[in-house]
Amino acid sequence: DTGVSQNPRHKITKRGQNVTFRCDPISEHNRLYWYRQTLGQGPEFLTYFQNEAQLEKSRLLSDRFSAERPKGSFSTLEIQRTEQGDSAMYLCASSTAGGAGEKLFFGSGTQLSVL
Amino acid sequence: QKEVEQNSGPLSVPEGAIASLNCTYSDRGSQSFFWYRQYSGKSPELIMFIYSNGDKEDGRFTAQLNKASQYVSLLIRDSQPSDSATYLCAGSSGNTGKLIFGQGTTLQVKP
Chain A
10 DTGVSQNPRH KITKRGQNVT FRCDPISEHN RLYWYRQTLG QGPEFLTYFQ
60 NEAQLEKSRL LSDRFSAERP KGSFSTLEIQ RTEQGDSAMY LCASSTAGGA
110 GEKLFFGSGT QLSVL
Chain B
-1 QKEVEQNSGP LSVPEGAIAS LNCTYSDRGS QSFFWYRQYS GKSPELIMFI
49 YSNGDKEDGR FTAQLNKASQ YVSLLIRDSQ PSDSATYLCA GSSGNTGKLI
99 FGQGTTLQVK P
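Protein sequence lines correspond, in order, to chains A and B.
Per the working numbering, residue 10 is the first one in the first sequence, and the count goes up by one each step.
Per the working numbering, residue -1 is the first one in the second sequence, and the count goes up by one each step.
If we strip away everything but chain A, and leave its shape as in the complex, we get:
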C-alpha cells in the first residue's frame, strides 16, 4: 500500500495526558499537511510542511500542539495536556508542491477521544 498511513487509528486518553500521532506520507510527496475534523464539519487546517520545514501553522492552533517532520519523511503531531475539546479526527495529507489544484491525498486519520 503506497497511500498515506496514519497511526494509531484510534486513541483514547484521559484529560491532561499527552498524545502523539504519526503520519507516513506517500514517499515522493514533499508536502505534508495536518487537518482536524469534528463530526458534521469539514476538515480544519492545522499546519503544513514542505520537506522538513514547517511553513505555516494555523492561528487557531494552541501552543499545546506541536508538529515535526525531522527528515522530511514521516511527521508526528503531539498534543500536550489534552482537553475534551481536542476530541476529533486528525487527518494527515500529502502532496507534491507546485501550481494550482494541488491534490491532497488523505490518510485514514487518527480518531482521538479525550475522556
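Treat the hints as calculated values from the structure; they're not laboratory data.
Only a predicted model underlies this, so the values are computations on that prediction, with no experimental measurement involved.
Errors might be hidden in some of the hints.
[Stated by the list, open to error] In silico DSSO-like cross-links for lysine-lysine, where the CA-CA straight-line distance does not exceed 30 Å:
#	chain 1	residue 1	chain 2	residue 2
1	A	K66	B	K40
2	B	K40	A	K23
3	A	K80	B	K40
4	A	K20	B	K40
5	A	K112	B	K54
Starting from the structure of chain A, add chain B where the hints point.
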C-alpha cells in the same frame, strides 16, 4: 473570517437524476476550488478542482465556478447509490494545499 458555506442537507435524489451541490465563499482572494467526497467513516477523496470561471467536466461530474458571484457548484449526472456520501467544498487562496473547507453536504441517492 474566511468562510466556505454549504447547506448540510441531506440532499435526496432518485437514482439516475442529476444532483446539484452548491457552495459559496467569502474570500475574494480564493483562486482554486475543490470538491472532495467523503464516505461515512472514511477520509476525503478529491473528485474535482476548478480555478477558471465556467464549467469543467470529468465523466459524470461537472464543476462550475462563478467568481463574480463567489459561487461554486458540483453537478453529478446519472446519480448512483454509490454516490451517497458527504461532499466537501474547499477553497485555496494560494498554491498550497491549505484549504478552507465548508461543512459538507450529505447526498443520498435512493434506488
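Results of checking the hints against the structure:
1. A:K66 <-> B:K40: OK: K66 of chain A and K40 of chain B at ~25 Å, within 30 Å.
2. B:K40 <-> A:K23: It holds: about 25 Å lies between the C-alpha atoms, which stays within 30 Å.
3. A:K80 <-> B:K40: 28 Å, holds
4. A:K20 <-> B:K40: Answer holds: K20 of chain A to K40 of chain B is near 16 Å, not above 30 Å.
5. A:K112 <-> B:K54: 16 Å, holds
In summary, the structure agrees with every hint in the numbered list given earlier.
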